[in-house]
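Listed below, chain by chain, are the residues.
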Amino acid sequence: MALVIVLSVVLAAVLVLRARVARAVERAAEKGGEPTLTAKEQRLIAKDEARRLKYYSASQWTLVWWRFRRHRAAMAASVVLGLMFLGGLFAEFVAPYGPTTRDTAYLDGAPQIPQFCDQNGCSWRPFIHGVKTERDPVTLRAIAVPDPETRLYVHLFVEGEPVELLGFIPITTHLFGVEGGMLHLWGTDSIGRDVFSRTLYATWTSLSIGILGVLISFVLALVIGGIAGYFGGVIDMVIQRVTEVVRVIPIIPLYMGLAAAMPKEWSTTQVYFAMTVILGLFGWPTLARRVRSQLLSIRDEDYVVAARLAGARPRSIIARHMLPSFTSFIIVDLVISFPYMILSETALSFVGLGLRPPAVSWGVLLQEAQSIRVLEQTPWLLIPALFVVVAVLAFTVIGDGLRDAADPYASSR
Amino acid sequence: MVRFVAERVFGMVVTMVLVSMMVFVIMELPPGDYADRYAFRKFSGTGVNVTEADVAAIRADLGLDKSAPERYLDWIGNIVLHGDFGQAFAFETSVNNVIGDKVWLTLGLVLMTLIITYAVSIPVGIYAAVKRGSAADYGLTVFSYLGLALPNFLLALVLLYISSRYFGADIGGLFSEDYERAPWSLAKLWDLIKHLWLPAFVLAWSAVAYQLQTVRATMSDELNKLSVTAARARGVPERRLLIKYPARLAVNPVVSTIGFDVNRIFSELPIVAAVLGLTELGGLLLRAYLDLDMYVAGAILLLLTFAVVMMNFVSDILLAVLDPRIKLGG
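Those protein sequences? They're chains A and B, same order as listed. Using my numbering, the first residue of the first sequence is number 53, and each one after it goes up by one. Using my numbering, the first residue of the second sequence is number 896, and each one after it goes up by one.
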């Protein structure tokens, strides 16, 4: 949030400055001949000049960053994604409970939204109502209902169950919580697990699978595309054929086949890594084609020939002389391939071929929301779906912003 | 033209051979072999003691004791020569029986999805390009983003909910109960179409979102061409002008990605099928995987890929017909 405010302030300042300079230059032009500028205006023009100088002497990456910064939707998406990422990374601290902790007094419970006022008056500290058990008048089933007479106040930095932050720092403090009860911001599932906490843990799993998967396919694409593009000829033809094969097989059924082959007795961690490998193993064709065609187009450039004549080895020619000329495109392609990874993982886990409980990922969480009954009775179980949509949207928007920013021929300055 | 087609057909055959090898590898991946699973399935709960020798006998009976290349040749040979896809273990019948007419149902579904996709995305994409920068264009862009981001199983779930809630229609599955076992008739066909539109709509959703942007981008480029300005200067009516010059070219990238769209539809099919309770190929594939019934899974995967390759072929030919600038034989 703070970052958004700072950014908008900076943006406003830049806009004001630019308008002022424009006005000053205009006035100078009107008067003709020697412009008489006030000291302030001169200073502004000098500043503008310096800025321009900085622009012309900036490195490629600085330019990309500047152009990217101007893409407001992409910046906003980065912030959202950053928050999601941090929330997932520090899930142990941010989430009030563990992913499998059960609150047996509050099964299928509705979200509890902290409030400031109720029929007994108001308080400065937000609170939720306690829970009591009643019989359903029709089915006589025990159901949990809010008890408007008891209040549980929400505190920051509450002592709770011991967890290990990042997997190795033992802590017992959680970002927020209530004392003498449990707080379920987004409700609970059918066996009383906190949806908010589970979603945070799942965020980390799903995002990290996406990242690892993309990295694996990235390396594969570089190697395969690099070999095809650099050597050309028969090697290229063979690789092109194989790429074609991977491209025509429908990807989810293919993933499903590989995922189905995972032994049922594998541990959660093994399945997790197997999933990243499976997703990464077939994500490379698009990027490999890109690398190949770029390499082919610059293979006979003078500087590449020079390097070859100087006796450089193929690997170093590709890595040092050829790749840098289109790194930015590769990065854009990488960012754009994230959504596919995330959607694939979610879809696979959703149908029971990906990660398996007790692991939590977005897909695993959504497994519980497969029927209409869930939509009708416990719609909050669909909250993880919102995360999927937001994450995919964010990656797509950032990818678009990066593509615009990385294009050196973009007309915007 | 003949040479062009011949070259494409040859490329297709090579691709399919490689694909079949890969599918075979995937079929071989699950731990344990069919004989074990077959014996387990057949005798579990019957009180019969299965010995190593029994399993070995089954193995020999099914031809599983041969080496992998031999089995591959048997498998693919039977498919190509006799159209026989092997045994479906979980169903205790042949794969051909299990798949049967579901192939046609799937093709029908794909065809319907493609029709919806192109019927929506081409005109709407052209409209967005013509009205570039308008509120409608902006709205359509947002819709495209959402279309790409919304997991289709979620869309399926929500639509299922809405239709059962507000229309009271039972639209899971492909047929109503009355028609499930009935012989084919016009009434049954109509019933099928009534059930098909929902999965077709769900599957078309993301394809529309994607193609919309493609059409819009090409159309925007084409609109700035001199040919358009010249035609406008000659006084050609705006509507005719749009159809005659830019729209004609804007369709090309769509045609060239028909195979890609089919690929995507097949990719999403198993997941959507799981939510909507469809029994055609996608749902069957999922079940086959969950049961590790790999001959069924392999056959389906092979058929799906074959359909994609065929569609690629069709799109190549169509493109060559549509766009005379494409050099034949090149």
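Hints are computed from structural coordinates only; laboratory data are not their basis. Incorrect hints may have been included.
[Claimed, not checked] Per label pair, the in silico range of CB-to-CB distance:
1. V1216/B with Y355/A: 52 to 60 Å
2. P315/A with T946/B: 39 to 47 Å
3. A1014/B with F142/A: 47 to 55 Å
4. G285/A with T946/B: 53 to 61 Å
All values derive from a computational prediction rather than experimental measurement. Backbone N, C-alpha and C define an ideal beta-carbon position, used for all residues, glycine too.
Checklist entry - Does the Cβ distance between G285/A and T946/B fall inside 53 to 61 Å? => result holds (56 Å)
Item to check | Satisfaction of the hinted span 39 to 47 Å by the C-beta atoms belonging to P315/A and T946/B | outcome: violated (24 Å)
Next on the checklist: 52 to 60 Å was suggested as the range; check whether the CB atoms of V1216/B and Y355/A agree with it.
Outcome noted: Violated: the Cβ-Cβ distance is about 43 Å, outside 52 to 60 Å.
Item to check | Consistency of beta-carbon spacing, F142/A to A1014/B, with hint 47 to 55 Å | outcome: holds (48 Å)
Of the hints listed earlier, those the structure fails to meet are numbers 1 and 2, in rising order.
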